[in-house]
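*Asks:* Going down the list, the protein sequences come from chains A and B. In this text, residue positions in the first sequence follow this note's numbering: the first is 1, and each later residue adds one. In this text, residue positions in the second sequence follow this note's numbering: the first is 1, and each later residue adds one.
Rather than coming from a laboratory, the hints here were simulated on the basis of the structure. All of these numbers come straight from a predicted model, not from anything done at the bench. Treat the hints with care, since some could be wrong.
With a straight-line cut-off of 25 Å between C-alpha atoms, the simulated BS3-like cross-links for lysine-lysine are [said to hold, decoys possible]:
no. : chain 1 : residue 1 : chain 2 : residue 2
1   : A       : Lys146    : B       : Lys200
2   : A       : Lys113    : A       : Lys156
3   : A       : Lys307    : A       : Lys278
4   : A       : Lys319    : A       : Lys245
5   : A       : Lys148    : B       : Lys200
6   : A       : Lys278    : A       : Lys296
7   : A       : Lys112    : A       : Lys100
8   : B       : Lys200    : A       : Lys112
9   : B       : Lys119    : A       : Lys100
10  : B       : Lys119    : A       : Lys102
11  : A       : Lys103    : B       : Lys200
12  : A       : Lys22     : A       : Lys245
13  : A       : Lys320    : A       : Lys307
14  : A       : Lys22     : B       : Lys69
15  : A       : Lys120    : A       : Lys96
16  : A       : Lys207    : A       : Lys278
17  : A       : Lys287    : A       : Lys320
18  : B       : Lys251    : A       : Lys103
19  : A       : Lys287    : A       : Lys306
20  : A       : Lys156    : A       : Lys207
21  : A       : Lys339    : A       : Lys296
22  : A       : Lys148    : A       : Lys22
23  : A       : Lys26     : A       : Lys42
24  : A       : Lys113    : A       : Lys102
25  : A       : Lys102    : A       : Lys120
26  : A       : Lys307    : A       : Lys287
27  : B       : Lys200    : A       : Lys120
28  : B       : Lys200    : A       : Lys113
29  : A       : Lys102    : B       : Lys200
30  : B       : Lys123    : A       : Lys22
Now the stretches of chain B that chain A is said to cover, found in silico as 3 or more residues with beta-carbon under 8 Å [to be verified]:
no. : region
31  : 78-84
32  : 189-197
33  : 200-206
Even glycine gets a Cβ: it sits at the ideal position worked out from N, Cα and C.
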Amino acid sequence: MKKMNEENSKISVRNVTKVFGKNTKKAIQLLDNGANKTDILKQTGATIGVSQATFDIRAGEIFVIMGLSGSGKSTLVRTLNRLIDPTAGEVLIDGKDITKMKKDELREVRRKKISMVFQKFALLPHRTVLENVEYGLEIQGIGEVKRKEDAVRALKLVGLAGYENQYPSQLSGGMQQRVGLARALANDTDILLMDEAFSALDPLIRKDMQDELLELQSSMAKTIVFITHDLDEALRIGDRIALMKDGSIVQIGTPEEILINPSNQYVERFVEDVDLSKILTANHVMKRAETVQIDKGPRVALEMMKKLGISSIYIVDKKKTLLGGLTAADAREAIDTGKSLQDILDQDVQTVTEDTLLTDLFEKVSQAIIPVAVIDENHRLKGILVRGAVIGALAGNNEAINILQKNENEPLNSAHTEHKEGQ
Amino acid sequence: MEGLLPKLPLGSWIDVFVDWLTITFEFLFDGITVVLEGIVEGLLAGFEFIPVILMIILITALAWWLAGKGVALFTIIGLFLIDNLGYWDPMLQTLALVLTAVFITVLIGLPIGIWASQKNGVKQVVTPLLDFMQTMPAFVYLIPAIFFFSIGVVPGVVASVIFAVPPTIRLTILGIQQVPADIIEATESFGSTTSQRLIKVQLPLAMPTIMAGINQSIMLALSMVVIASMVGAPGLGAEVYRAVTQIQIGKGFEAGIAIVVIAIILDRITQKAGSRKKGRKK
Ligand SMILES: Nc1ncnc2c1ncn2[C@@H]1O[C@H](COP(=O)(O)OP(=O)(O)O)[C@@H](O)[C@H]1O
Ligand SMILES: [Mg+2]
Numbered sequence: 001m002k003k004m005n006e007e008n009s010k011i012s013v014r015n016v017t018k019v020f021g022k023n024t025k026k027a028i029q030l031l032d033n034g035a036n037k038t039d040i041l042k043q044t045g046a047t048i049g050v051s052q053a054t055f056d057i058r059a060g061e062i063f064v065i066m067g068l069s070g071s072g073k074s075t076l077v078r079t080l081n082r083l084i085d086p087t088a089g090e091v092l093i094d095g096k097d098i099t100k101m102k103k104d105e106l107r108e109v110r111r112k113k114i115s116m117v118f119q120k121f122a123l124l125p126h127r128t129v130l131e132n133v134e135y136g137l138e139i140q141g142i143g144e145v146k147r148k149e150d151a152v153r154a155l156k157l158v159g160l161a162g163y164e165n166q167y168p169s170q171l172s173g174g175m176q177q178r179v180g181l182a183r184a185l186a187n188d189t190d191i192l193l194m195d196e197a198f199s200a201l202d203p204l205i206r207k208d209m210q211d212e213l214l215e216l217q218s219s220m221a222k223t224i225v226f227i228t229h230d231l232d233e234a235l236r237i238g239d240r241i242a243l244m245k246d247g248s249i250v251q252i253g254t255p256e257e258i259l260i261n262p263s264n265q266y267v268e269r270f271v272e273d274v275d276l277s278k279i280l281t282a283n284h285v286m287k288r289a290e291t292v293q294i295d296k297g298p299r300v301a302l303e304m305m306k307k308l309g310i311s312s313i314y315i316v317d318k319k320k321t322l323l324g325g326l327t328a329a330d331a332r333e334a335i336d337t338g339k340s341l342q343d344i345l346d347q348d349v350q351t352v353t354e355d356t357l358l359t360d361l362f363e364k365v366s367q368a369i370i371p372v373a374v375i376d377e378n379h380r381l382k383g384i385l386v387r388g389a390v391i392g393a394l395a396g397n398n399e400a401i402n403i404l405q406k407n408e409n410e411p412l413n414s415a416h417t418e419h420k421e422g423q
Numbered sequence: 001m002e003g004l005l006p007k008l009p010l011g012s013w014i015d016v017f018v019d020w021l022t023i024t025f026e027f028l029f030d031g032i033t034v035v036l037e038g039i040v041e042g043l044l045a046g047f048e049f050i051p052v053i054l055m056i057i058l059i060t061a062l063a064w065w066l067a068g069k070g071v072a073l074f075t076i077i078g079l080f081l082i083d084n085l086g087y088w089d090p091m092l093q094t095l096a097l098v099l100t101a102v103f104i105t106v107l108i109g110l111p112i113g114i115w116a117s118q119k120n121g122v123k124q125v126v127t128p129l130l131d132f133m134q135t136m137p138a139f140v141y142l143i144p145a146i147f148f149f150s151i152g153v154v155p156g157v158v159a160s161v162i163f164a165v166p167p168t169i170r171l172t173i174l175g176i177q178q179v180p181a182d183i184i185e186a187t188e189s190f191g192s193t194t195s196q197r198l199i200k201v202q203l204p205l206a207m208p209t210i211m212a213g214i215n216q217s218i219m220l221a222l223s224m225v226v227i228a229s230m231v232g233a234p235g236l237g238a239e240v241y242r243a244v245t246q247i248q249i250g251k252g253f254e255a256g257i258a259i260v261v262i263a264i265i266l267d268r269i270t271q272k273a274g275s276r277k278k279g280r281k282k
């Protein structure tokens, strides 16, 4: 992993506005007075691409920009490497304002700091796969041997070893985009911009690519700005998500924050048909587990169940390691026959880990006699899954969802893996 | 018929202007004459040095390599026919004239096309100029050509170049501007300089279109050979012209066929050369 400098904000976008067309001054004035995109188009003929966007992207995170088509995502991401010059505002890359850079300075930033992956791959059809991946190195004047070495390594990373001498048109869409990704990786930049990089791929391949990107990211820790119009994709790969509408950013937050607390109706509408079962995990819906320690007798266990009005209980050791479950009926029988808890506990209690998605635990929950236990990697009991709560959460009942406190006051300098945990 | 207003003395203005040009730039026109004459005569000397049979084999081999068996077969039959009819030497003169004109056309057209493709302002000046050049009857170019370059092969080359250069320029602009915007964006995003973008991306991708332009220029230059012969350029054109003025239908037809044969050979070879490249790369 690269060591990041003290500055934690890798990219800082300050009040960036992009107006297309003439009359940009008037349009900006109107924007300042609070006019919206449609009014400005009517009054001046100018199109607002991006409107006063302000946000920070942290080193090492995957920052997703999401919104419907035409909401300004592509324009915004292009202001980050100045493929589009913003009409107003600043973009700081590692603290340096890219909007004020001279041509050669800008070129240096594009060569060394930021690389980009495009929706329609944008490969060079007259060059082989290897030559495509070498392109960014070649134009820096890097020697043939070294650049070939780097390009081959990048191709290996994306699983395309052996395709070096093919032409892009000989490859499938998914493979072409791997070339696009390898080309961007070969330059070894800190920042990776991906404009709808997977949108042109069919759904199964798209999932694969998302997984692979996450896997690559876990070892590279680049700062990735990922554009998508697909909420599922945003939720799957984003550490944080910015939602855009009509050129403005309407909400920024972790996937959970956006799902659970949509900041306005637009976001709410966006998230309303999300398949929650693919987003929420056991962690979100589990309830407190009632336990009894193994050295206690069946009488104590039965008494606790009676008091709490429940029909089964979990048996743990002193460290809260899950040993098994016990129903009220079994407890009563043990009292009659004089057996200990050790003798009668049901070791076949169904378990899941905290990060299991709801979609993957349905079956277990619906079949379990004793509620499914949620455990951590050390087999410690964390909670239980009550059927009603799981169904409630799926129905969008917010009270059934645990909001994890640790996400909210997360320190800004947390490493990548830390904010990944909350999902 | 009298016009409504006194006639504009446009003709005499142009006369004055051309006179001024001829005198002021005499050294330039003399230099151009020397260079063009040198190229045409050098080529011709080279062609004539090669024995007829070897020349036929060489051109046929080139046709085979670039354009395939069918074209090669046509080439060998066509060239033997020309030799048999007794037009071998005029044919070589025509070839030297056309190739020189095309060489100059590419030399001028390609850079102008590239420049215009990069700068919208340039394109806006060049495009109407090309329209003008293409709609003006080709004969008209002969007059200033004679003035500046007297008579012989040089004014013929110059008139051919003026007539033939527009497609090369147009299709160079088109080919470069046709390169998809996202490929240009990608090239920019990696920090290419303008010349890197041009040489490594735009020109290679535009090459099939540029070749199509050059092919059209070759055809236009060939179509000028009869007109060029009016200012004294030797070759097949001169044979046709003589036959026409002496009303010798049979002779005119023979020389005409020789021109058609050359035209088809040049067209097929350059056309296939352009598309062959594309086929391999795609
Ligand atoms: N080059 C351009 N000229 C004029 N308007 C543009 C241009 N590029 C984008 N726009 C407009 O800016 C808005 C945002 O476009 P874009 O950033 O491409 O959206 P998205 O990527 O979210 O689909 C749209 O209204 C679009 O029509
Ligand atoms: Mg877009």
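*Asks:* Which of the stated hints cannot be reconciled with the structure, identified by number in ascending sequence?
*Replies:* Violated: hints 3, 4, 6, 14, 15, 18, 22, 25, 31.
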